[in-house]
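Asks: Please build the complex by placing chain B on the supplied structure of chain A, with the hints as guidance.
2 protein chains.
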Amino acid sequence: MEKQYNPREFHPPLSGAGPKEAIDFEKGGGLVPAVVQEWGTGMVLMLAWVNKEALFLSMETGYAHYYSRSRNKLWKKGETSGHIQKIREILIDCDGDTILYIVEQTGPACHTGAKSCFFRRLSN
Amino acid sequence: MEKQYNPREFHPPLSGAGPKEAIDFEKGGGLVPAVVQEWGTGMVLMLAWVNKEALFLSMETGYAHYYSRSRNKLWKKGETSGHIQKIREILIDCDGDTILYIVEQTGPACHTGAKSCFFRRLSN
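Top line first, the protein sequences correspond to chains A and B.
The first sequence runs 693 to 816 under the working numbering.
The second sequence runs 693 to 816 under the working numbering.
It should be emphasised that the hints constitute simulated quantities derived from the structure, not laboratory data.
Mixed in with the good hints there might be a few duds.
Repeated chains share a single entry, so a pair holds when one copy, or any two copies, can fit it.
Unchecked claim - Each computed DSS-like pair below joins lysine-lysine, with the alpha-carbon atoms no more than 30 Å apart:
1. 744 / 768
2. 765 / 719
3. 778 / 765
Please read these numbers as outputs of a predicted model, since none were measured by experiment.
If we strip away everything but chain A, and leave its shape as in the complex, we get (with noise of 0.2 Å):
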């Protein structure tokens, strides 16, 4: 059975609220990290950073789009793996620090091939 998880219930929007007014990109030094959720089954499937061009790129065309600290560069997720990750909402948190892409998301999210980057567990 597919889990429907909808942020809906949880997030009301703010009203008024744009990108450049509410995300702190100077506390990172021009990124913030962005956590990805699957839309539906609330999976979480990585993390990655974000500047305002990713951000940007990420609302102007509907797929996310990251920066890249050790390439330096800008890069669309799925580029050359296909693993494209459609945006359906874009959420960012209380001190406007840290985003949250909850994407529709084609084929594993993961390099290694697995579904989501936390595939290895610590305590249980």
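Replies: Then chain B, alone, in the frame of chain A:
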């Protein structure tokens, strides 16, 4: 109806990986981001930061501990508010540079009184 989210369906344990070997604390100057997800609903509640000691205390005590970047000190979630987080699972990502706490949340997770810190929407 309570929506059930069971990470065991998705995240088989990796035997033999302990925290010291598995987590790259150096990349982020001693800290890694910890995504916090509610057991049972799958709701993403917050993101905070963890150093080795915070992770150790979380595992040892069974309650979520973090490291505050602004106050430069270790803190136990709910120590003053009572809004504690009982750890159900700790997962780490493929790169070993992000942690996922799956918790039973007492009261709201957010200091604003919201259930989740992610209560503002940028797009829909």
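Asks: Next step is simple, just say for each hint if it's right about the structure.
Replies: Each hint, compared with the structure:
1. 744 / 768: Answer is within: at 14 Å inside a copy they meet the 30 Å cutoff, but 32 Å across does not.
2. 765 / 719: Result: close both inside a copy and across copies, 19 Å intra and 18 Å inter.
3. 778 / 765: Cα proximity of residue 778 and residue 765: one copy only (20 Å, versus 38 Å across).
Of the numbered hints listed earlier, not one is contradicted by the structure.
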